[in-house]
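> Just so you know, the working numbering puts the end of the sequence shown at 519, numbered straight through with nothing missing.
There could be a bad hint or two in this list.
[Stated by the list, open to error] In silico lysine-lysine, DSBU-like type, Cα no more than 30 Å apart, as pairs:
| id | residue 1 | residue 2 |
| --- | --- | --- |
| 1 | K362 | K380 |
| 2 | K276 | K373 |
| 3 | K90 | K154 |
| 4 | K373 | K362 |
| 5 | K380 | K393 |
| 6 | K393 | K362 |
| 7 | K362 | K235 |
| 8 | K452 | K380 |
| 9 | K375 | K276 |
| 10 | K452 | K495 |
| 11 | K247 | K276 |
| 12 | K78 | K115 |
| 13 | K288 | K235 |
| 14 | K276 | K146 |
| 15 | K519 | K452 |
| 16 | K235 | K373 |
| 17 | K115 | K90 |
| 18 | K154 | K78 |
| 19 | K146 | K235 |
| 20 | K160 | K115 |
| 21 | K146 | K288 |
| 22 | K247 | K393 |
| 23 | K154 | K247 |
| 24 | K393 | K375 |
| 25 | K393 | K495 |
[What the hints assert, rightly or not] Just the calculated beta-carbon pair ranges, DEER-fashion:
| id | residue 1 | residue 2 | range |
| --- | --- | --- | --- |
| 26 | G22 | Q80 | 32 to 42 Å |
| 27 | P365 | G422 | 35 to 45 Å |
| 28 | K78 | T195 | 51 to 61 Å |
I should point out that these hints are in silico values taken from the structure, not numbers from a laboratory.
Ideal Cβ placement from N, Cα and C applies to all residues, glycine included.
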Amino acid sequence: MKRAIGLLAFSTFAVGAVDLPYIAVHSNDARGGGNSIAVYSLNAGTPLLAGPAEYPVLSDNPARTVATYVPASVTEAGIASYDEDARWKYQIEGFSGTGFKGSFCVSCPGGITPPVAVSDTAITLKYNVLGGIYSSNGLILSDTFLHYLATLPPGAKTTINTSVKGRYEEKSQSNTLLKRGDMTLHNASRLEFVIDPISGEVSLHTANSRNQCTPYTRLVMPGMLCSILNISYQGSMPDLSAGPLKLTASGINPLLTKFNNRGLSIDYTFDEQLWSSLSNATSGSAKQLANSLIAAAAKNGGNATMKVFFPNDFIMAVATQGQASDLTDIVTLCLNPDYSRIGADFCFKPGEGVSIRPIAPSIEIRPDNPDYKLDPNGFGGSGKGKIGDSKPVTIPFTLLTTAKEPAMAISVSVTGSSQALRGQDYCLFRGVGAASNVTVPVPGFLLAGLGQQRYPQSCNGQKIAIPDPSHSPTSWEQQPSGINGYTLWRAPLILGFTMNDPVSTKTFSGDSWDGVVDAEGTIEVKATWK
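Full structure from sequences and hints, please.
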């Protein structure tokens, strides 16, 4: 009789415990496929905690997945030796429920391999011939566990105990996750740039835009430095010396690179020290940018902004294209772990976009003696006189029109209080204060162009055709504008009221009057080009 004796060697050992500091990232404006929440450990290599709640559809990473926890390295965990399904046991201090929902898989839908079995204390993962950290060893966090970690207060600790049993050995690992803080991203309002067609100066159309942007010179180039993303941080200053994260750029708006050959670079920064260019489709030092993103707010009292520098010449170049330009999406930025091939990216689109109004032929009227009491913006003019004087009340304005070709027709209308008297319309001046029932007819007129051609007007909004620069070039002064390829035409316009017409000595009702009367109205000018 022959006997065969088989010897089976089985070993059990524990890998040294590791403290794993991490931060949570939140976005209040997860638009266009951006991620809303994520967690990232700040150590180098493994163990590793990284990734968002949602699949990072905006990422260019070929190995995309969601929030992943790697308890230990390939060598430490021995995963590469498996030739059968691996059963992980786990226990999470302070958390009850299912902690993990699958394993990382490069080629699987959503970056996840569903488990063979799962419970609140164990997960069985299907055998993967690739093995190692890049497959079975990456445990995908459940949604509830991810949100648990993300919403813990700074300073909170969570210990995860795991053990995995193979054919010949069993290994265990205990890691303590220490939350350092929360970083929250919030998009600033949409920017609206306009070009003054007369001076060529860049200005901001809305109050929000004016609050977000300041004139700035970068590398001797004047422009606007605008905040497009607000960043807040709560917690202790994280140690970023290991350089665990990187910030990469993708989906850069083609308009930002269109004028790069002119040296018009669009750059962004979190601290005005480290800059990265968008115009040449690069993201600078990815690790330094990630550190700058996190540290800027942590160092600055918990608040910082992402700022983008727009050269004035870039804004002008876009505006002179003569068509609306789509800058709703400026760029996509993705935060991801630097020491891993796991594409657990948190992606976001900073800002609500940029609007640059195209330059078009324009006409403008400006008072020569702006009355800031009447109009704080300085668009109002005023004058005063005395009934019976030979000198009329005159309010001088300047007409300015900018275009590539001269306007073919120009009209002016004066609209205010008006009333007919014996079949003739007059401007209506009304008594001040208690005398508001006093209404007086006053003849009005316009003096237009360098030749001061006179036109009667009665404040009734009637359009009055005046000499235009195309048909009456001598009525206008011509000069270069602040915009290349455009010409500025300038002409005087005087709004006048006759003081010595007998009709004004009586009210509209035919009564004599004494006191002070006044009137207000608007002047509108329109121009037509080919």
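> Sort out whether K115 lies within 30 Å of K78, counting only the CA atoms.
holds (14 Å)
> Hinted pair, alpha-carbon criterion (30 Å max): K115, K90. Please report holds or violated.
holds (12 Å)
> Can the restraint linking K154 and K78 be considered satisfied, given a maximum Cα separation of 30 Å?
Holds, because 9 Å separates the two Cα atoms, which is no more than 30 Å.
> Is K373 close enough to K362, meaning Cα to Cα at most 30 Å?
OK: K373 and K362 at ~15 Å, within 30 Å.
> Is the hinted range of 32 to 42 Å satisfied by the C-beta distance from G22 to Q80?
holds (36 Å)
> For a C-alpha distance cap of 30 Å, please report whether K452 and K495 respect it.
At roughly 28 Å apart (the allowed maximum being 30 Å), K495 and K452 satisfy the hint.
> Given the hint that K519 pairs with K452, test it: the Cα-Cα distance must not exceed 30 Å.
holds (20 Å)
> Are the Cα atoms of K90 and K154 separated by 30 Å or less?
holds (19 Å)
> Taking only the CA atoms, is the gap from K276 to K373 under or equal to 30 Å?
violated (68 Å)
> Taking 30 Å as the top limit, are the C-alpha atoms of K393 and K362 close enough?
Violated - the C-alpha atoms of K362 and K393 are around 36 Å apart, more than 30 Å.
> Given the hint that K380 pairs with K393, test it: the Cα-Cα distance must not exceed 30 Å.
Cα-Cα ~40 Å, so violated.
> Mind checking the hinted window 51 to 61 Å against the Cβ distance between K78 and T195?
holds (58 Å)
In terms of the numbered hints stated before, the structure departs from hints 2, 5, 6, 7, 9, 16, 23, 24, 25 and 27, listed from lowest to highest.
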